[in-house]
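One letter stands for each residue in the lines below.
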Amino acid sequence: MALLQLERISAQYPGAAEPVLADISLTLGPRQLLVALGPSGSGKTSLLNLIAGFVEPSAGQITLDGVPIKGPGAERGVVFQDDALLPWQDVLANVGFGLELAGVPKPKREARAREMLALVDLAGFEQRRVWQLSGGQKQRVGLARALAADPRLLLMDEPFGALDAFTREQMQELLLQVWQRTAKPVFLITHDIEEAVFLATDLVLLAPNPGQIVERLSLDFGRRYGDGESARSIKSDPRFIETREHVLAKVFSQRSATRQQERA
Amino acid sequence: MSSYEVPALVRAPTTRRPVIGPRFTLSIRWISSLTLIALLTVWWAITASGLIEPLFLPSPFAVLQKGWLLATSGYMDATLWQHLGASLQRIGLGLLFAILTAVPVGIAIGANRIARGVLDPLIEFYRPIPPLAYLPLIVIWCGIGELSKVLLIYLAIFAPIAIATATGVRTVDPAKLRAAQSLGATRIQLIRHVIVPSALPDILTGIRIGLGVGWSTLVAAELIAATSGLGFMVQSAAQFLVTDVVVLGILVIALIAFAMEMGLRTLQRKLVPWHGQAH
Chain B
2 MALLQLERIS AQYPGAAEPV LADISLTLGP RQLLVALGPS GSGKTSLLNL IAGFVEPSAG
62 QITLDGVPIK GPGAERGVVF QDDALLPWQD VLANVGFGLE LAGVPKPKRE ARAREMLALV
122 DLAGFEQRRV WQLSGGQKQR VGLARALAAD PRLLLMDEPF GALDAFTREQ MQELLLQVWQ
182 RTAKPVFLIT HDIEEAVFLA TDLVLLAPNP GQIVERLSLD FGRRYGDGES ARSIKSDPRF
242 IETREHVLAK VFSQRSATRQ QERA
Chain Z
271 MSSYEVPALV RAPTTRRPVI GPRFTLSIRW ISSLTLIALL TVWWAITASG LIEPLFLPSP
331 FAVLQKGWLL ATSGYMDATL WQHLGASLQR IGLGLLFAIL TAVPVGIAIG ANRIARGVLD
391 PLIEFYRPIP PLAYLPLIVI WCGIGELSKV LLIYLAIFAP IAIATATGVR TVDPAKLRAA
451 QSLGATRIQL IRHVIVPSAL PDILTGIRIG LGVGWSTLVA AELIAATSGL GFMVQSAAQF
511 LVTDVVVLGI LVIALIAFAM EMGLRTLQRK LVPWHGQAH
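Sequence order for the protein chains is B and Z. When we follow my numbering, the leftmost residue of the first sequence carries the number 2, and every step to the right adds one. When we follow my numbering, the leftmost residue of the second sequence carries the number 271, and every step to the right adds one.
Take these hints with a grain of salt, some might be off.
Stated by the list, open to error - Residues of chain B clear of chain Z, computed beta-carbon distances all greater than 10 Å:
| hint | residue |
| --- | --- |
| 1 | L4 |
| 2 | A18 |
| 3 | T64 |
| 4 | R77 |
| 5 | A103 |
| 6 | R130 |
| 7 | R146 |
| 8 | I214 |
| 9 | V215 |
| 10 | F253 |
| 11 | S257 |
| 12 | Q261 |
To be verified - Per the computed footprint, the stretches of chain Z lying under chain B, defined by three or more beta-carbons under 8 Å from a beta-carbon of chain B, are:
| hint | stretch |
| --- | --- |
| 13 | 418 to 425 |
| 14 | 439 to 448 |
| 15 | 459 to 473 |
It is worth saying that the hints were derived from the structure and are not from the lab. Glycine included, C-beta positions come from ideal geometry on N, C-alpha and C.
The shape of chain B in the complex, shown without the other chains (with noise of 0.2 Å):
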């Protein structure tokens, strides 16, 4: 199973005086749901980036499995906040686009796209065109065509981040069973408290300035979730507002601190 380790790592936009991120260090193995929590500006999306390869850490060591990581890769799944699909290919064919790149012939891609799409419970939407969908439902097929190339772990950018309230429930209980079904591990980030807290197996608290991890908690409530209990049941548990209202208090206390280190 993939095991995803970065170590010491940085990374710093070339001109810029201080680095995006310092000296983070995470592993992702099998069976883990990590998210990364934070306030714009704390370096999650360029973590992300700098694990999916567009972008190179200026210091430390990214790898899967052993082997460092060099540029991006059908090995590591993205699924963008913005879902990134291909206007010009349908449903399935957007689905079935790894598949075609790594030159899968048709009939076979076909087949796995429609596998994936019934995964996303999208099934009976593979003629349709990407501007027929709803915001949902193209973060859907994002995450159908990020599955059916079969990475061996899945990127998540803020993926529910554009959607509406009752949509975003939805797509996390989804998620939840994908993750649960397919066993892939997933990195996630969030700016969501509540979505970083269900979600999570292991949830690491971003700061900026320049972007760290200030805290690491392992959860389970995702897991619950997969055990059979229901989300309503879990997120009135006491247990997950009290994490949720600590999790809450420190994103506070780290704001506070920031504008009294702006104010200095």
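For chain B, the structure is supplied; the task is to place chain Z on it using the hints.
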């Protein structure tokens, strides 16, 4: 069509008011048609009243009659169809070669730093020159045969297509590129599956602009140096003051330009249905 739906929507909440009569709205297409009909009527009225000599402005019917004559027996050793065919062949060849070369060049300019450095100043240097300014040089080099005219149109069409393609390539959504990269796309696959389809709306716009420029260049070139073609037909008719042929030629030139524009718009709707859609 939509303009018929609007009053229906507006009327729905005001059903309590007595309906005075069906509200009548003209679609834009009808308004345009009526404008044309009005223009033709004015033309006919002026010529029928005898205010203007037929030498300066022949009547619509005279032009139409001449059109029939030209189409069947011809003018200057060639029928209207042969003149039209000569012009269309020239622009067709010029367009074909321009698309075949300008699209790859545009992709190279948009995607490659070195290609951009080399080709961009060259194109920007010759693009603003009116094609008729370098026509004499082309005639010196290539004679007044078909080659020089096709070459002239080719050059006129090349720049707009290359520039539009380069713009399209440069404005590809980076998220789509990253998405394809994270699915394992190689550089060639990125161009084939993401960059070219993304740039297609811009390429088609470039072709539309190029065709417009190319058509006017062609007709102007035929006015100067040709023995067939619509421009030549108009020019030679003007020398003998055959005004009805001149008017007819101008109308045919306008019709062809209009048809090309409409055809390309239809093609654009067919090929890039996602263009302008929120996605």
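Each hint tested on the structure:
no. : hint       : verdict
1   : L4         : holds (19 Å)
2   : A18        : holds (25 Å)
3   : T64        : holds (18 Å)
4   : R77        : violated (6 Å)
5   : A103       : violated (6 Å)
6   : R130       : violated (7 Å)
7   : R146       : violated (7 Å)
8   : I214       : holds (24 Å)
9   : V215       : holds (28 Å)
10  : F253       : holds (32 Å)
11  : S257       : holds (34 Å)
12  : Q261       : holds (36 Å)
13  : 418 to 425 : violated (count 0)
14  : 439 to 448 : holds (count 4)
15  : 459 to 473 : holds (count 5)
The earlier numbered hints that this structure contradicts are 4, 5, 6, 7, 13.
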